[in-house]
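Hey, can you work out the whole structure from these sequences and the hints?
So the protein sequences, as listed, match chains A and B.
In this text, residue positions in the first sequence follow our numbering: the first is 1, and each later residue adds one.
In this text, residue positions in the second sequence follow our numbering: the first is 1001, and each later residue adds one.
Don't read these hints as lab results, they were simulated from the structure.
One or more hints might be untrue.
[As the list claims (entries may be wrong)] Counterexamples of contact, computed for chain A against chain B with all Cβ distances above 10 angstroms:
#	residue
1	Thr7
2	Lys14
3	Ser18
4	Thr24
5	Asp26
6	Leu45
7	Gly53
8	Gly58
9	Tyr64
10	Glu72
11	Ser100
12	Gln101
13	Gln103
14	His104
[Said to hold, decoys possible] Partner residues are not named here, just some residues of chain B that face chain A (Cβ under 8 angstroms, in silico):
#	residue
15	Ser1032
16	Ser1043
17	Leu1065
18	Asp1092
Quick caveat, the model's predicted, so the values are computed rather than measured.
We put the beta carbon where it would ideally sit given N, CA and C, even for glycine.
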Amino acid sequence: NAGVTQTPKFRILKIGQSMTLQCTQDMNHNYMYWYRQDPGMGLKLIYYSVGAGITDKGEVPNGYNVSRSTTEDFPLRLELAAPSQTSVYFCASSSQGLRSQPQHFGDGTRLSIL
Amino acid sequence: QKEVEQNSGPLSVPEGAIASLNCTYSDRGSQSFFWYRQYSGKSPELIMFIYSNGDKEDGRFTAQLNKASQYVSLLIRDSQPSDSATYLCAVDSGTYKYIFGTGTRLKVLA
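Here is the structure:
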């Protein structure tokens, strides 16, 4: 099992450009998440999904969009990139249970907006 | 606003000692508690999770939960230089979501 796979690993964008960060998982997890992590900070939730076709905003959703057409994939779209979106982005997934389950993280995408 | 608080450190301990990492949380409704280790430039990886009050042991790691006092701790016995990393505490926040602390940086001195 590959677990959670994120692409690309690194990317430099110019201000105003758009891009999609890809995330796929092969563990048949219903729940998927996008976080950003700024230097020396914890993880901030951007968007999450509880299943195909269902998404919801997290703590810091402005400037981002998501979709969830399949159980496996949960892409994150940046529209009109801004320097404030320079960060490391992590995708995570977790299974469903009676209690909240541990999350499995991808390796991250390091994004710089110049 | 629901919060998870951790001392940012660095917490320095000599090799072989016990490292004690602490975390407090604000939401009394939280039921699930997680510790992740994050090496510099890497993604978080799960170390321990705990649901019930008391201690849970896994090898050199022990998670301790006290819901009445709203804190959760992680003890690392026989600390090794390879344990040097940032340790993130995470707590469930309602349904399907988690709140992360900013992490405690641990340095194990050889």
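Hints, verified against the model:
1. Thr7: holds, 14 angstroms
2. Lys14: Its Cβ never comes within 10 angstroms of chain B, the nearest being 24 angstroms, so this holds.
3. Ser18: Ser18(A) is indeed farther than 10 angstroms from all Cβ atoms of chain B, at 25 angstroms.
4. Thr24: holds, 15 angstroms
5. Asp26: Given that every Cβ of chain B is farther than 10 angstroms from that of Asp26(A), nearest at about 16 angstroms, it holds.
6. Leu45: Not fine: 6 angstroms to the nearest Cβ puts Leu45(A) too close to chain B.
7. Gly53: holds, 15 angstroms
8. Gly58: Check fails; 7 angstroms does not lie beyond 10 angstroms.
9. Tyr64: holds, 16 angstroms
10. Glu72: The assertion about Glu72(A) holds, with a minimum of 18 angstroms to chain B.
11. Ser100: violated, 4 angstroms
12. Gln101: violated, 8 angstroms
13. Gln103: Nearest chain B Cβ is 7 angstroms from Gln103(A), so the label is violated.
14. His104: His104(A) is in fact no farther than 10 angstroms from some Cβ atom of chain B, at 8 angstroms.
15. Ser1032: holds, 4 angstroms
16. Ser1043: Hint holds; Ser1043(B) Cβ to chain A Cβ min 4 angstroms, cut 8 angstroms.
17. Leu1065: violated, 13 angstroms
18. Asp1092: For Asp1092(B), the interface hint holds, since the closest Cβ of chain A sits about 4 angstroms away, which is under 8 angstroms.
Going through the hint list in order, the structure does not satisfy hints 6, 8, 11, 12, 13, 14 and 17.
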